[in-house]
Amino acid sequence: DQQVKQNSPSLSVQEGRISILNCDYTNSMFDYFLWYKKYPAEGPTFLISISSIKDKNEDGRFTVFLNKSAKHLSLHIVPSQPGDSAVYFCAASARGSSGSRLTFGEGTQLTVNP
Amino acid sequence: NAGVTQTPKFQVLKTGQSMTLQCAQDMNHNSMYWYRQDPGMGLRLIYYSASEGTTDKGEVPNGYNVSRLNKREFSLRLESAAPSQTSVYFCASSVGQGPYGYTFGSGTRLTVV
Chain A
26 DQQVKQNSPS
36 LSVQEGRISI
46 LNCDYTNSMF
56 DYFLWYKKYP
66 AEGPTFLISI
76 SSIKDKNEDG
86 RFTVFLNKSA
96 KHLSLHIVPS
106 QPGDSAVYFC
116 AASARGSSGS
126 RLTFGEGTQL
136 TVNP
Chain B
956 NAGVTQTPKF
966 QVLKTGQSMT
976 LQCAQDMNHN
986 SMYWYRQDPG
996 MGLRLIYYSA
1006 SEGTTDKGEV
1016 PNGYNVSRLN
1026 KREFSLRLES
1036 AAPSQTSVYF
1046 CASSVGQGPY
1056 GYTFGSGTRL
1066 TVV
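Heads up: the protein sequence lines correspond to chains A and B, in order. The numbering used here puts the first sequence at residues 26 to 139. The numbering used here puts the second sequence at residues 956 to 1068.
Just so you know, the hints here were simulated from the structure itself, not pulled from any lab data. Possibly wrong hints are sitting among the right ones.
List time: in silico DSS-like cross-link candidates among lysine-lysine, alpha-carbon distance up to 27 Å [unchecked claim]: (1) K30/A with K96/A; (2) K969/B with K62/A; (3) K81/A with K62/A; (4) K79/A with K30/A; (5) K30/A with K62/A; (6) K1012/B with K30/A; (7) K964/B with K93/A; (8) K969/B with K1012/B; (9) K81/A with K96/A.
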């Protein structure tokens, strides 16, 4: 049972345009959401997060939007740069989860073309 | 500032062989985790340790054992490797208080033939 789902395995955009990565979840106990970025042969690195009490969080070129009623979040990258080409993982954590366990989605490969 | 260090980076095993993946963190984090990454399946939690002295099963624990040796080190053991355990393994650590960002190691690519 995939509780966090990223339906698009890949996304290709032109440099300077907006990249929108989507994520859906099914567990209503999730109350904290994160995005991780992963380059080949490296471990994932934390990018941005959002608490369920908010519907938007912005950090430079990266903005995460949360729609709790739809159980949907998205990551917007504006403007996209070739260095943003990586796999992006959506992750979620539930209230009271022991040890701060995160549940990850399948990942979306973003390619930004010069 | 090493962060999370995993060894080895690559390993090839024959079916039935055993091995231990090592993980150490130098950030004084309380919680540590082992994940595996497979194509189309994202990162799946194998085992985790919320604090020194405790370990718990994650989503896919079968075929694995873990040891939280001390606050810094968390090892993953495959007692009898199977081809289905071919994967990239990531160790991670976190402060443990709240679902805040993990710090991941660079991974171990394991192939079981």
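Next pair to validate is K81/A with K62/A; report whether the Cα-Cα distance is within 27 Å. Holds - the C-alpha atoms of K62/A and K81/A are around 19 Å apart, at most 27 Å.
Taken at face value, is the distance from the CA of K62/A to the CA of K969/B at most 27 Å? 32 Å, violated
Is the Cα-Cα distance between K1012/B and K30/A 27 Å or less? Distance ~22 Å between K1012/B and K30/A Cα, so the pair holds.
Holds or violated: K81/A and K96/A, Cα atoms, limit 27 Å. It holds: about 14 Å lies between the C-alpha atoms, which stays within 27 Å.
Below or equal to 27 Å on CA atoms is what counts here, so check K79/A against K30/A. 21 Å, holds
Holds or violated: are the alpha carbons of K30/A and K62/A at most 27 Å from each other? 16 Å, holds
Is K964/B within 27 Å of K93/A, Cα to Cα? Violated, because 39 Å separates the two Cα atoms, which is more than 27 Å.
Holds or violated: K30/A with K96/A, Cα cutoff 27 Å? 11 Å, holds
Please verify whether K969/B and K1012/B have alpha carbons no more than 27 Å apart. Holds, at roughly 25 Å.
When held up to the earlier numbered hints, the structure conflicts with 2 and 7 and fits the remainder.
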